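Protein chains in written order, with the numbering used here: chain B, 1 to 289; chain S, 1 to 289.
Just so you know, the hints here were simulated from the structure itself, not pulled from any lab data.
Note that the coordinates shown come from a computational prediction; the quantities given were computed from them, not determined experimentally.
Careful, some of the hints might be misleading.
[Stated by the list, open to error] Simulated restraints, written as ranges between beta carbons of each label pair: (1) B:Val272 to S:Asp3: 25 to 33 Å; (2) S:Asp106 to B:Val270: 38 to 46 Å; (3) B:Ser118 to S:Arg83: 48 to 56 Å; (4) B:Ala242 to S:Pro29: 44 to 52 Å.
[What the hints assert, rightly or not] Which stretches of chain B does chain S cover? Using the computed rule of at least three CB atoms under 8 Å from a CB of chain S, they are: (5) 152-162; (6) 264-274; (7) 280-288.
[Said to hold, decoys possible] If the Cβ cut is set under 10 Å, some of the chain S residues that face chain B in the computed set are: (8) Gln4; (9) Thr7; (10) Glu101; (11) Val107; (12) Leu133; (13) Leu227; (14) Glu278; (15) His282.
Don't be surprised by glycine CBs; every beta carbon is placed ideally from N, CA and C.
There are 2 protein chains.
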Amino acid sequence: MVDQVRTFNRTVMQRIGALSDGFLGRRRPMGEARLLWEIGPDGAELRALRTRLDLDSGYVSRLLRSLEADGLVTVAPSDADRRTRTARLTRAGLAERRVLERRSDDVARSFLEPLSASQRERLVGAMDTVQRLLTAALVEIRPVDPTHPDARLTIGAYFAELNRRSDSGFDPAAGMSAEPHELRPPAGLLLVAYLRAEPIGCGAVKHHDGAPSEIKRMWVADRARGLGIGRRLLAELEAEAARSGARGARLETNRALTEAIAMYRSAGYVEVPAFNDEPFAHHWFEKRL
Amino acid sequence: MVDQVRTFNRTVMQRIGALSDGFLGRRRPMGEARLLWEIGPDGAELRALRTRLDLDSGYVSRLLRSLEADGLVTVAPSDADRRTRTARLTRAGLAERRVLERRSDDVARSFLEPLSASQRERLVGAMDTVQRLLTAALVEIRPVDPTHPDARLTIGAYFAELNRRSDSGFDPAAGMSAEPHELRPPAGLLLVAYLRAEPIGCGAVKHHDGAPSEIKRMWVADRARGLGIGRRLLAELEAEAARSGARGARLETNRALTEAIAMYRSAGYVEVPAFNDEPFAHHWFEKRL
DNA sequence: TGAGGTCTCTGACTAAAGTCAGAGAATGGA
DNA sequence: TCCATTCTCTGACTTTAGTCAGAGACCTCA
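All chains, full assembly: derive it from the sequences and hints.
Laid out in structure tokens, this is it:
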């Protein structure tokens, strides 16, 4: 498998290399072209450009000077903080960027054109799979303190979604508790899933002496679904429950969360009679560990 | 579709970029690392290195000088032709190359590791599809004179394969004719399929006044099968037949060539009674255009 | 054997890419 | 209001990457 991935990397790298050639060739150095591209139609702050392209501040400055000299870019202090400056594309800069855009369209088209309709469909489908799974492989799951901003953010998003999707609305204060101290070792654990430093999911476990651990706050951001992140969170929480000595894991859920329910079932959870009186729950599940 | 290909290019490019970082980071410039890699365990002639990496001869020379100074490479005149020189890795060079190899293994592994077994399988499968189809899109089909070396090469390979696979062996002199002048416009046409300048398939058509054109010499190299090249060759030959005024296309084939037969059927050919007495044929097909 | 061609190397360049150490303006908080 | 900090810019570099025009060794074929 590793070999197959490697040959993939080689082929695709060579092939997509054509794209950088496309970025080149307008008698503009690659660095300038990348910067022009990254500034985008709405402009961008220099610090954002630096971190996104991972360039030295002096270097960015010099590149911008050169683009300014060509009349493609203007740089002006930002309104909020006059230390930082914002680069914007001029009319000519926008036109130049459109040329780059057309070029990368051309590259994409050159991939598709020689193929038959069914080959095209297969190619695009497989590309989507590769992309999604490569992204999924980038997701990292880490324990986070329940009071950490990332924890608040994801749990907040979870509540908001529950409120939006369940027919009765949702009030976090009314449900079963999951206070910070209950989700902090050794009483429990809160995990946050990150995609490139951005929190995109969470899940928690709350231990009970002599009883199954409770899984709580399982949530994955919309645009990160279908990557198996929920399943990974769940598996890690179960492992944590097992480490704490629990013989099983339990959870309750709202009937509106159909994908979650399907995922629990396929992960080996079986529906059981209500084991608590959480007012927003319709289904109770349990799994032996 | 173009958009999907573009986002694929962006994601994958970023992700595989890690690989070049892997090649870098050993405090060795990328050019040297690429060269070291390309020389390979068995050594390589400088001209081969130059064409494969597309580098200036002076530049390669200088890079080799630097690798030599580090004790990683030796360069000596080739035995056959003492103008050309062959670069070989020393013990240290081989070790260094193994480091690079391990690094690109690590990158590949980092793609796979966070995924579940079924995700891995899907990823590798999709990678294979992408790779094959991107390669397929690189194939170019061009008319070639029947006496051109590439034509001789592919037709020779076709005869060799026929001889190897058919139980009776095959003697090109005994069969129905397809002399150079019969496959040259306006009497006919010979197409050769190229993958990166290397001929990997052929196919010809021979016109007959007032009768269906004959498809001859259809062949695709083993390692290029499954890319739809045969189908493309056939389609172009049919188009050529139609241009010449033919109302149909005919062909005969040996029963050993099962994939070819399946391809003809799925391309709309129907089996008909023998329309000639080609001694090596078992099936005769025809299609209306 | 000699003419024309092939192959690699050296010298002399240029352009791009990137690094580093301040300088100077602006900001936020004590 | 002052001090530490943040942000961008400039000047002065270094390293890579790549190009071009010969020179010289070697090969092939007439």
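Structure-based check of all given hints:
1. B:Val272 to S:Asp3: 25 to 33 Å: Between Val272 (chain B) and Asp3 (chain S), where Cβ atoms are some 46 Å apart, the hint is violated.
2. S:Asp106 to B:Val270: 38 to 46 Å: 40 Å, holds
3. B:Ser118 to S:Arg83: 48 to 56 Å: 50 Å, holds
4. B:Ala242 to S:Pro29: 44 to 52 Å: 50 Å, holds
5. 152-162: violated (count 0)
6. 264-274: violated (count 0)
7. 280-288: It is violated, with 0 qualifying residues against the three required.
8. Gln4: Holds. Min distance 5 Å.
9. Thr7: At about 7 Å, which falls below the 10 Å cut-off, the nearest Cβ of chain B leaves the hint on Thr7 (chain S) intact, so it holds.
10. Glu101: Hint holds; Glu101 (chain S) Cβ to chain B Cβ min 9 Å, cut 10 Å.
11. Val107: OK, holds: Val107 (chain S) within 10 Å of chain B, min 7 Å.
12. Leu133: 4 Å, holds
13. Leu227: Hint on Leu227 (chain S): holds, closest Cβ of chain B at ~9 Å, below 10 Å.
14. Glu278: 30 Å, violated
15. His282: 29 Å, violated
Consistency note: the structure conflicts with the earlier hints numbered 1, 5, 6, 7, 14 and 15.
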